[in-house]
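Visitor: Residue strings, one per chain:
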Amino acid sequence: MKKVTVQDQGLVEKTKCHAAAIGVAMKESVYPLTATVQYPRQRKKMPDNFRGYILFDPDKCINCWECAFICPANAIRMKEAPNKKYYPTIDYGKCIFCHFCIDSCTDSALRTTKIHDVAYKDMDEMVTLTEEMIEPPEIVREDTKLVEYLIDDKDLQIKKTREVDSLFMDEVPPSVEIPVVSQCIDGASCIGCHVCEYVCGSGAISSSIANGVMNMAIDTDNCTGCGLCVKECTMQILKLVRK
Amino acid sequence: MQEVINELLETMMSNQVSVPVIQPVIDMAAQVPMVGLGISFILWTPIFALLICPGLSTLGIFLLFFPWIERKLCGRIQWRVGPREIVPWLGGLIQLLADTLRFLFQEVIVHKDAHRPYFLQFAFLSFAAALLPLLFINAGAVIAIASPYGVQLLLALVCLFPLFILGLGWASNSRFAFIGSVREAFMYFAYEIPFIIAVLAMVILFGTSNPMLIPDKWGIILNPIAAFTFFVGAAMATSRMPFEIPEADQEVAAGPHVEYSGIAFGLIYVMCYEKAYILSALMVVLFLGGGGGPYIPGLTVHLGDLMGIVWFLLKVIIVMTTMFVLRTIYPRYRLDQGLTIGWGAMIAISLVALAWSIVFVFLQQGGVL
Amino acid sequence: MHDADIKACEEVIKMATVAESKWEIKVPDKPLKDKLYFENLKSVVIDTEICSRCLTCAAVCPGGITVVGDKVDFPDYETKCLDCGACVRVCPRFVYEPLSGMGSSTAFIAGRSNRFAGQDGAMVTELIVSAMEMGIIDRGLFAGRNENWETEMFHVRDPEQLAITTLSGTKYTFADVLPELKKAVKFTQNGVGVVGTPCIVSGVRKLQQEYPIFREKVKLVVGLFCTENFHYSAISQYLRDKGVDFSKLVKTDITMGKFIATMTDSEVKFKVKALEEILPSGCNVCCDFTAVEADASVGSVGSVPGFSTISVREAIAVKILDYIKEKGYAEFGEGDPGQLGFLVGHKKKRAENLKK
Amino acid sequence: MEKEEQDRNMHILRTGVLSPVKRWSAKWSLWPCHFVTSCCGVELAHAFASGFDGERLGTLNMGISRQANFIIVEGTITRKMARALRIVWEQMPDPKFVNVIGACGQRGGIFWNSYNITRPSEIVPVDFFIPGCPVTPEGILRGVRAVQDKIALGKDETTIKFKKVALPSEVGQGSTIPTSPKRFAPTPLVKVDIPREVDWDFGSTTVSNLKSQLEGLYKSITITDKNRIAIKTAPENLMEVARKLSDNMGIDHTKSVNVVDVPHEQKFILEYMASSYSNNDLMPVIITLFTEIERKAEPEFPSITPLWDSADYSEREMHDFFGIKYEGNAGMNAKFLLAPETQTPLRKDFKLDEENYVFDDSPLNPKIDLPTSLEMPAPTDLYDEAEASDEFIILVGPHHTGSGHLRWILRIKGDIIVDVTPDPGYVHRSMEKIAENRLYIQNVPLFERANITDPFNMNLGYVHAIEKALSIEVPERAKYIRTMLAELSRIGAFFYDSGIFSLFTGHSTGFMYVWAIREMILEATVRLTGSRCTPSFIIPGGVRRDISKDVLDMTGNFTTAVNKRLKKFEDIFINNPVFIARTKGVGVVTKQEAIKYGLVGPFLRASGVDYDIRKVEPYEVYDKLNWEVTTGDAGDCLGRYMGRYEEIKQSLSILKQTVDALKRMPRGDVISGEVLGEYKEASEDIKGHLYHAYGNLVLPKGEWTSVIESARGTLLYSIISDGDSNVPYRVRIVTPCWMNLRGIVEASKGERVADFWTIYGSFGYFPPEADR
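Chains as they are written, first to last, in this note's numbering: chain A, 149 to 391; chain B, 34 to 402; chain C, 76 to 431; chain D, 15 to 786.
The reader is advised that the hints may include incorrect statements.
Unchecked claim - 30 Å max Cα-Cα, derived BS3-like pairs, lysine-lysine:
hint	chain 1	residue 1	chain 2	residue 2
1	A	K162	D	K598
2	D	K177	A	K208
3	A	K193	D	K670
4	D	K670	C	K323
5	D	K694	A	K193
6	C	K424	C	K394
7	A	K193	D	K598
8	A	K208	D	K178
9	D	K605	A	K151
10	C	K261	D	K694
11	D	K694	A	K269
Stated by the list, open to error - Covered stretches of chain B (in silico footprint by chain D; criterion: 3 or more residues with CB under 8 Å from a CB of chain D, positions within the stretch not fixed):
hint	stretch
12	112-121
13	280-293
14	341-349
Rather than coming from a laboratory, the hints here were simulated on the basis of the structure. Small disclaimer: the values here were computed from a predicted structure and weren't measured. The C-beta atom is built at its ideal place from N, Cα and C for all residues, glycine as well.
Working from the sequences, and respecting the hints, build out all of it.
Guide: This is the structure:
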């Protein structure tokens, strides 16, 4: 245990402290340790893992709805595309940039950018549709310099370079691949309601009726392991298993 | 009629501000009938003092640019930049112009509980009243009204300020303004006595209270204690840190100013700079050798009276800057601590300063010094 | 072998372990070939007024069969019905063979719980709680009621919850047991115990017969002796007309052919016969008094007041009763099958009479 | 109407001969008024402090609405604050502009279905909306630029342009809309004393001890977890039991007051979580004293405040939430946290809007009925009473340069404060209610928003409660990472409080200096996690991903790099004689008072109580590191501040130690396999599997209470789970600031008016954290 006591300052001590305070002010007025990033003209370099605006790649999307389900702010809503699939839309009037969606997106269909400084003139525009999330957007930029904060063991160093930073990462870091597929663990309990078939976005579940018997099948090659059928199955007889 | 004019002209011509370097230009202009008259009128020392320096024009320029200096310097000390983007290549020099114009065009709100006539009158009156002491300040050899009691008059006028601030607070009819005004009144009594004693000490030391006759000696060397008292007193009078008690932003929300908006606030806002300007000028006159400065070959001769003005202004800027930079160094005292300092330490120190002066004068007369 | 080859081999092995998942479902017959299954159900059961409102169909329906008013219905079945046939598969009355008698009863025991206080012997509570303690089940389904005496299902997961007064006591209105049973099956880890009237017990058995998941998860089925049950809207209106104030009502009971509604300050009594006018049509055809398919059936008939009669059928019930005996949770006596027989006969007779 | 109001402002600037001058001057002189409404205010401060220096643009933050011409609404506007916003807006002279920053102020952000928020755009005309949670300083400055362009050029445009790309149109197999992922158990089992087998000898002796002492007064005494004991009593015996605990065992304060509404069992469970500061053995033990009462409209229950004063404000809070009247508590006549019109929102029959996962024609956000009157009710007859006794009332806040986002009602006599009445709730965003409607994992970012100056600790506390419930052992590396992050955020929070403290004493340089240091901390945070203030990085079982070596180096460098700037800060602020004169001997809280009022954290330690949860009930790797608890005896403002300052030096040492340990450790698992289950491979980086692994997290039934030492003191999370649902049944959060509120009030009494701000500053009060 460490006890902190503060002694009274004597006159000499006080004078010293006054002098020290004035000294700091005088020194800083000559050689200041300025830490300012002059934003509209300069831009701070953000790391590649920065959580900014979100881009979307429909080719990679497996329609698992997980981004919408995990969004704590309900900012992501799924919209039906012309191809009958549901793709995410983001309402930046709600988005909290936690990127739980990106961390949930198994196939990296969602990816981050370094865009974070945007002003909207009204709230309706803040809803970003799927169509708008595919190509990198353009933002108003006035910066000519890139500022990087570097911390060495002595002090904060501010490195300024005359370059315009790209706000988009070329590569999307892949996630660990954990192949899972849906399987029926208790076919006898199936009521044959087709809910799994209907909810499946990849068409991996098929059914056919012959001779008073319905044949259901999950095509493990097509199954993306999204887990929607498992979630929706009213009898809870589907399960995700490791491939 | 003609005689009167001639006499007036003569008086004017005999008391012109002399600037040798532009004398040929003035002489040339004097040939043109009306222009010549106008130029000599402006160069007439009292008018020059009133309108140009240390009077209105200088004050105006100060008000426009001094806050910029202050903000830039404070910004620098605080590891940032200060106003800049308005004209990046000039470092945002005209920032205050934008602020002033903005206040000018901003709505002036008089809320319904305020005493409307006084609410507005005090704002303008206080601005006007703050100009009066300028008449008795000399910038080098330039003064509007040279009076044997100049310093006393100046003090008397400076002491009017708090009354207007009280008025502002009263007319605002707001709780914070009320507390701010009361604090101002308390502080007023606390700093006024040591402040006056410090000035008196200098008057005794110099043996005159006519600013024009105060020698170019550096009072700060002759009586540093008085200088210190004066400086602290001035900081208290202008509500500078650590004595920014009446206007404490975080406590009483700028106190008397809390209800003012638009240009009315603009006037009050600049009043504090006016006050600081006047007190700094007085400090320069009493302690920093007024318009005196080292002889610079070439310049001193050519600039004539202007050289005094330049030195004077330079010193004023330094004193004012010091006064304003205090806010980056100190937090704020509490009201009772401010009062204790005023009534206790400050009076004691000021009395020491007075004694110092008296001893000094005795010693001087005794021929010891 | 190179690493890559090993990897490839592993891949192959992995692929082999997860074969394509295939399964078959028996598609039930449709009497009306061109119609949806629900329309079949509707024409065979609902419209013929033999529906007992056990809601087994609602329990399995993925689309949304529900109760509208007093009737089982599916308002927008034309768009929502998935035509899976589950409803006709599970409906106990789609192919109705009325049950009667005592079932496979091995013993008739009268019992009174020492731990719980109930309308009679509180043996239903005791059975379920003991099963919970034994770890056979982790939750029991009870019908509770709200302040208006409307039934509300309650998942009892802790014996302490049975202190809730609204859970004990007989309710003479239908409860949505089976839809809740399905939820319970979803949530349960060990198993579920369910309490219900004969029709509900039939529903449970039908579900268990059709779907293994219910066989696996529903471990204990306690039946209740039942002469009749009423639609809430009908009986509440009837009782109100008789001057029953629901805010003061404490318990309802049928003893000796009389319906007794006990309130805090008074009592309303009338002949049960009088209730026949509001008897639901589904109860008219039912002959099952003792819930013959249940693991054990419990009721007040057949034992002295303060005791409940338990008609024991399955091994699991015996096991639980042994446990109760061992722990001394209840006092036991002899049940009187004779009284029961009378009521069984009475119910059968009533059904036959009404059939005519 | 609002459109007209907005047009009016532009109209003033557009008309007249001097229009260009007007526009030019207005453009370069946008003075935002301090409308600090919630956590975005932190980033606003960063935008205007040394890191980004908004003053460059001519925007000078102004405390007084009359002189400002620009409001930057910083996030949530609660029902209470809505009135303040409108009043402040009306007080400002024309022409004036409004920017709304942060998702809360737009469609509600994470609080979109809260019962206590409103939307600023429905209250005042808004010029620009800046998304973010919180907005980055760049975003704030971008908003200023947008307003400038709007004024000068009439360019009223959104600054982002999206390119529309046609979506694939070859029709594949359509799919139906899945149901909500949330699973609510029917008639859930709500029981707070589920026994658990733990290896805890002291517990069993304590329980038998308790049993003998409380003979006949208790219904059951259960060990629910290590260091947690639940005592069930009959309602009439609760007070007696509490008295016995207090007299015989030295249980001297409550950590939390909780109520659980169980409508299907027609009961309320009333809980008091009590513990001891005076009995060393019992320090880590939390005794949950609870009883059940009948559920009705306004049940009455005797208040425990005569015995444990620390329960006072929490009881008032429960009165707001559940309508339970604690007889004997002085605050039962009015609402404390909530707006007067809100009725018992935490009862289960008060439903919040459900999520809609499909983009359809339905409105994007629920409709909110705005408060109708602009009146901000002060306690009635307060003014008359004060006048009669020759006193003066000043209302500080909610919009005041030195108030933060709550209102203080100061009763002063001359320059002396007679009484202080706090009026909190101006940032009450109903986290506890919202949490009952969200998946466990979704609550991680939610609770973090309580205090974005100390986000990692906020995260850690909640995650701890979950890990306790699931008995998860966290991988070693993750533990070190978490400790590192927690200390980083403790340091950040200290500097935040220092900055606010220096502002409150009128020292803007101190503020700027520590904000520059904070900028370094945030730079480290953003590199570590990707977000400046709201990382949501700690998840049940570990952290979201492993940390790379160069970022670790940077964090390690910070511990020494900070010294240079810290020295200057020390010289200009901490050792400044004026500062010491202002704080020494001011606002003294004695040891007895501190215990009585239930102070927590460094503020408790400053009064001489040696209580730090990191030592008392060590978590993460604190017991493996070399550090000391700092205490003090003075109990005054300076003592509190210096105590924390010393503590930060310890924190820097801990930070260094953890960084060194992490550098030595090989990269590896950072998420426990127990929680990942099938997805074990994701244990180094959760990317791609967050929902799979956590979406269906269900806690075992019972109450799970975790306490940790956050930057400002004891942070308590108590999760009640029914064991079936994948959402919590009830979550109780007691934040240190909420507990310290009482300390501010009591320390201020009898001090001078100006001291109020010193005391306020010295307590490091962060209203969003207190109001939750």
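Visitor: Work down the list of hints and note, for each, if the structure agrees.
Guide: Hints and how they fare:
With a C-alpha separation of about 14 Å, the suggested pairing of A:K162 with D:K598 holds against the 30 Å cut-off. Taking the CA atoms of D:K177 and A:K208, the gap is about 19 Å. The hint holds against a cut of 30 Å. With a C-alpha separation of about 25 Å, the suggested pair A:K193 and D:K670 falls inside the 30 Å cut-off, and the hint holds. Taking the CA atoms of D:K670 and C:K323, the gap is about 70 Å. The hint is violated against a cut of 30 Å.
For the proposed pair D:K694 and A:K193, the alpha carbon gap of about 34 Å is over 30 Å, so the pair is violated. Proximity of C:K424 to C:K394 is assessed by CA-CA distance (about 34 Å); at most 30 Å being required, the pair is judged violated. For the suggested pair A:K193 and D:K598, the alpha carbons sit about 43 Å apart, so the restraint of at most 30 Å is broken. Our distance criterion of 30 Å between C-alpha atoms is met by A:K208 and D:K178, whose separation comes to about 18 Å.
Proposed proximity of D:K605 and A:K151 is supported: the alpha carbons are some 14 Å apart, at most 30 Å. For the suggested pair C:K261 and D:K694, the alpha carbons sit about 25 Å apart, so the restraint of at most 30 Å is met. With a C-alpha separation of about 45 Å, the suggested pair D:K694 and A:K269 falls outside the 30 Å cut-off, and the hint is violated. By the rule of at least three residues with a Cβ nearer than 8 Å to a Cβ of chain D, the coverage given for the stretch 112-121 of chain B holds, with 8 such residues.
Under a criterion of three residues with beta carbons nearer than 8 Å to beta carbons of chain D, the stated coverage of the stretch 280-293 of chain B is upheld, 10 such residues being counted. With 0 residues bearing a CB less than 8 Å from a CB of chain D, the stretch 341-349 of chain B misses the requirement of three and the coverage assertion fails.
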